[in-house]
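Build out the structure end to end from the sequences listed, making use of the hints.
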Amino acid sequence: MTSENGLLGERPLRLERGELAQALDAPAIGEDIFQLAADIYPICRSITGDGVRETLRCLSRHLDLQIREVPTGTGVFDWTIPREWVIRDAFIKSDKGVRVLDFRQSNLHVLNYSTPIHAKMPLDALKPHIFTLPDQPDLIPYKTSYYQDRWGFCMAHNELLALPDGIYEVMIDAGHKDGHLTYGEALIEGACRDEFLLSAHVCHPSLANDNCSGLALLAILGARLSRIKTKFSYRFLFAPGTIGAIAWLAQNADNAGFIKHGLVLSCAGDGGGPVYKRSRRGTALIDRAMSHVLRHSWENPAILDFFPCGYDERQFCSPAFNLPVGLFQRSLYGSFPEYHTSADNLDFIRPEHLAASYRTICAVIEIVENDRLMLNTKPEAEPQLGKRGLYDSIGGSKAVPQKNMAMLWVLNFSDGHNSLLDIAERANLPFAAIDEAARRLTACGLLVPPCAESSQDSPEFAKGGQDRSRSEIMETGSGQVMAKAGSS
Amino acid sequence: MTSENGLLGERPLRLERGELAQALDAPAIGEDIFQLAADIYPICRSITGDGVRETLRCLSRHLDLQIREVPTGTGVFDWTIPREWVIRDAFIKSDKGVRVLDFRQSNLHVLNYSTPIHAKMPLDALKPHIFTLPDQPDLIPYKTSYYQDRWGFCMAHNELLALPDGIYEVMIDAGHKDGHLTYGEALIEGACRDEFLLSAHVCHPSLANDNCSGLALLAILGARLSRIKTKFSYRFLFAPGTIGAIAWLAQNADNAGFIKHGLVLSCAGDGGGPVYKRSRRGTALIDRAMSHVLRHSWENPAILDFFPCGYDERQFCSPAFNLPVGLFQRSLYGSFPEYHTSADNLDFIRPEHLAASYRTICAVIEIVENDRLMLNTKPEAEPQLGKRGLYDSIGGSKAVPQKNMAMLWVLNFSDGHNSLLDIAERANLPFAAIDEAARRLTACGLLVPPCAESSQDSPEFAKGGQDRSRSEIMETGSGQVMAKAGSS
Amino acid sequence: MTSENGLLGERPLRLERGELAQALDAPAIGEDIFQLAADIYPICRSITGDGVRETLRCLSRHLDLQIREVPTGTGVFDWTIPREWVIRDAFIKSDKGVRVLDFRQSNLHVLNYSTPIHAKMPLDALKPHIFTLPDQPDLIPYKTSYYQDRWGFCMAHNELLALPDGIYEVMIDAGHKDGHLTYGEALIEGACRDEFLLSAHVCHPSLANDNCSGLALLAILGARLSRIKTKFSYRFLFAPGTIGAIAWLAQNADNAGFIKHGLVLSCAGDGGGPVYKRSRRGTALIDRAMSHVLRHSWENPAILDFFPCGYDERQFCSPAFNLPVGLFQRSLYGSFPEYHTSADNLDFIRPEHLAASYRTICAVIEIVENDRLMLNTKPEAEPQLGKRGLYDSIGGSKAVPQKNMAMLWVLNFSDGHNSLLDIAERANLPFAAIDEAARRLTACGLLVPPCAESSQDSPEFAKGGQDRSRSEIMETGSGQVMAKAGSS
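Chains as they are written, first to last, in my numbering: chain A, 2 to 489; chain B, 2 to 489; chain R, 2 to 489.
Some clues are possibly wrong.
Copies of the same chain look alike in the list, so a pair counts if it works inside one copy or between any two.
Calculated pairs, DSS-like style, for lysine-lysine (alpha carbon to alpha carbon, straight line, at most 30 Å) [claimed, not checked]:
#1 Lys404 with Lys230
#2 Lys379 with Lys261
#3 Lys399 with Lys128
#4 Lys178 with Lys388
#5 Lys178 with Lys379
#6 Lys97 with Lys379
#7 Lys128 with Lys404
#8 Lys178 with Lys94
Note that these hints are calculated values from the structure, not bench results.
Note that the coordinates shown come from a computational prediction; the quantities given were computed from them, not determined experimentally.
In structure tokens form, the structure reads like this:
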């Protein structure tokens, strides 16, 4: 082991994964995610405009997305949907006509959402419009000005210092027009209407970790989830940060309560962390499941209490909604030097890190899908496991194997008050071991669901990647009928 | 102080003990317990059979036991009472007729509950029936096969290695027959019907710490408890592990709820620990009293949360009963190299360790007997202790003596919500100091029981070992009359 | 920073103080307090008598005090008001007529409340009446004998050792007479009748830290508080230790419930600590406010749970009253070598320490006055702070400024369940930062009080030290009218 967190290669996921996680997995899953992240990396996104649309088209090749367009001027709670941004080109030319700054080389060079400009001016007049990072003088910063009209450039501090005095031609061929804010979403329906929300922001331009990594990971996850049966419905949301999440909440306020679990994903591809930031509720199932997976599968995970800045979890956790939505990251945003700079590029994220993040999310989904209350049918004393072939017949050993301990924990605490995750936490055993013990005990009648109806809720997994019919009619526990439109 | 836990001799009990603990004590108590443990050490016990009966007869010389016989085939919850085991002799003889393994030298040599065998066979055919400990090659392991028909021997690994190839005569002169499972119990009635259960398993053959130590300690404790008046009734149970406790629960299911406190004792004679494993409830009075005594009297006690393997506390803590029964040990079972080997012999336990364990249990009994809610009769301000001779009349000292602090704690927190143990914990003072302060304050009227009736429940101790009449008629708080038969 | 707690000069108060604390402050506040402490230092106080009266007269020059006289023999709960002590002179004279001990040099030389004596006796007969500190042989101890008739002297151990054998004239020109116990109090009325009690004991003779420091600090604080408008009423109490507080409680039992916050102050002028001892309730607002200020303003504060010895907080925290009154000190009583000796003199306390203690109390008052529940008027999502000029318009920075974080915390947690102090604790930000954010958000309508009436309770601060009319008629929330008599 090394204390240099994340620098010496990926630490292995030790969690014993079950059927669902296996069905979602694939040997090259990290490469798949990386490739999709690389596909969308060059696109110049902003909170509105064609960059978002092009990104959603790329993601739709994997996961069938509904594209939503919210018109400019629409009120969404305290906010108003802004105009669309159009950007075609931008440069600063020396008096010799050489592009000393060129949008075509990096879309970070333009202040995101900048107003247009075309003028000649001396360097001194230009400088107040150029953002640099004096402490990281070789990197281009990522800067925005969404809500105040302003034009500007971003460049490496050393390149700015190298500019000779003189007259420069500055040009930002951009504009704002009435149009729409665009976001994409997909609802993969499960056995019940309650939802698991998975959300990633789609507004950042060429920043690989923040958030091509999150977008690609969720699109690949959605693609694979859509092929298996689940208990919960899964909602994937790819929306511009802040304004996009607020627009979604405003348009879905009546149904947001169906969200019973949720994760915001960003910065999922570097080798740091991982970090989980709890939902505002702090003890929601998603918080407990994520803590469980992180503690059992990672060396030094950071689990943080909710705080009201960050990504869109802060919108989902607004006091009026207070949804159980946490944030998963590898390195915490703002904490790594590449954050919001041109160094957050495709070299900074790696397939193995993306795969580890992906598997962590899958392990959490597996817990959320499988956590359940069971009842011991022989609660008066320890049942005789030996006569059922569940126990060694030779006694006197010094230690009890984990397999047996897991059964004893499940039996003793399946008293109507403790779910399997409760028991896993109390036993300090991986959820998968407790789940497996519960299945063995259920098979021989020592464990039953609290009442007959409950068993209808138990998930059935399609093994080996069979495609489930997307047009089937599913009946939820509450008798509500949901028609699934065919797709992908 | 030394960090070598338990290796450099017994650490002294620092607890200030009160009247009850003194009445239960004796200078040679450790030697008395050791002698009884030594008496029962040679007996070949199993979960059934005459070994258990002979052991109970030895214990009955100290504590008058009711012997219970449960017929083979009786259903006890999920289990069935097995047949009785009879063992007369066992050996492995070389082709020269020499006993290379001899049951008469150690009853551990036979797989406990083994089926009979008498045959000649080559070493290779014999070896699968011989259990050894390759990591502890000079020790004989203790192995059992209660619930699957199997014959076998146990021996030192080095002795097995030394056996030359050849034909051996193997003989286990044993058998199984319909009969009974045997256990012994004694109920020492106190002022109320609520019970304190003290239990030790009686099924292990010649293993001194596990559990001749526990059996002997409890028999001696019971003998002394039966001579004094107590508030609670004390039930002593000596039953075979698992099946015996389950049989007891099955036969006493309706009255098990009278058990308000309980301890399982094993491995009480070595120099390690001590260890207390909490009841499944976790915060029962027995858990709090044991924690209090261990923290105030021992250097480095281990206090563990409940887990569902171990000794018979796991049966008493089955979810349907969930009795407040914990486990007291010196070294935690399975954690010391002598565990379940021939090294757990009479050299491994010592009178001073047994005495320290005994006194710890007595201190816990003292708390359970004396914990009570009292009320400050002058709650408006600190009463004037000086005028009652409870306080020094010279003021200005830098520190307040513990005796005075204890009185101030009792006065301030005897508000109807805090028992004396609650106060001792809050004050971080030994229970005995708080109890003593409460007695002084009660004597001068500053403290009273919550209501008049309660005072009838207060224990009266027979000092100096007077014998209480065992045939007296006692009336419990609920008006129920219990006739005590004379005994011992 | 240094680990030598308090030895290398005062550590600065880092708390961002608000309007109220500023109004109470003054550049030379430490010097003002020190001067008053020095004024009262020479007076020979006891639990009764003219020393108390003279001290209260000095304090009244700053804070208009009501002087209460409780007759000797009056019953106050379990106690009886003792006789007044009169002391005129005391000495021990050698056979040459030289005063080898002289009350005129230190009033500590007489056992406080001593009976009179005038006799000649050999040294051996005298010694049992002389108290010394063998471990601090150059210091005179402070000793008392209030509740048992006894005469005695206190002197430096080395001076006692130096006394030659011989006949000494001993004289204590003192006496006890029926009279009164005297205490002083002042009620500074605020907008509501609920009270903040500030109490210091007035019975110790020439001990500077214990408690000339506390008396002087509170008198100066009261003087300044009486010039501004507050929400709570402030009650200042200067009473003899134990018997004085008990007398006050006995005489004010019906109205003690108006005390909603309280502090006992002693040893407020040395360079140690600070120490806060929680009220018996443990989580009262005063406990949380004091903890907050100490953790945010001091390096290594000690925050102790309540224990039932100490100063008069133990009377106010008697179980029948259980008032939310804590104890503030610099060095914990009994823990510093100068405690209750002649070394607790004017060299031991310093203006800068007194000022720091004073400002700490003011910061606590500011929290108690300003803690309130507010409601976010836009709870569905984060409001758009930028359009209100509350937020930078340039995005993409790595860190969020504390000013902005404070606003986000207030918005997200002003949900009807969290007061501003709750939010400050959760955010780990100084209360003043949270309060300032709340004021900014209230100003632009994003935050409102829970209901219209509540706003009548909000404090209005008189800025810049304007004097409020002391004869105004104030109407409390409950409609009760309190007439304020003009004063000071």
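To see whether the hints hold, each was checked on the structure:
1. Lys404 with Lys230: within (28 Å within a copy, 47 Å between copies)
2. Lys379 with Lys261: between (33 Å within a copy, 23 Å between copies)
3. Lys399 with Lys128: between (75 Å within a copy, 22 Å between copies)
4. Lys178 with Lys388: between (76 Å within a copy, 20 Å between copies)
5. Lys178 with Lys379: between (70 Å within a copy, 28 Å between copies)
6. Lys97 with Lys379: neither (89 Å within a copy, 54 Å between copies)
7. Lys128 with Lys404: Between copies, since 28 Å is at most 30 Å while 67 Å is not.
8. Lys178 with Lys94: Answer is within: at 27 Å inside a copy they meet the 30 Å cutoff, but 101 Å across does not.
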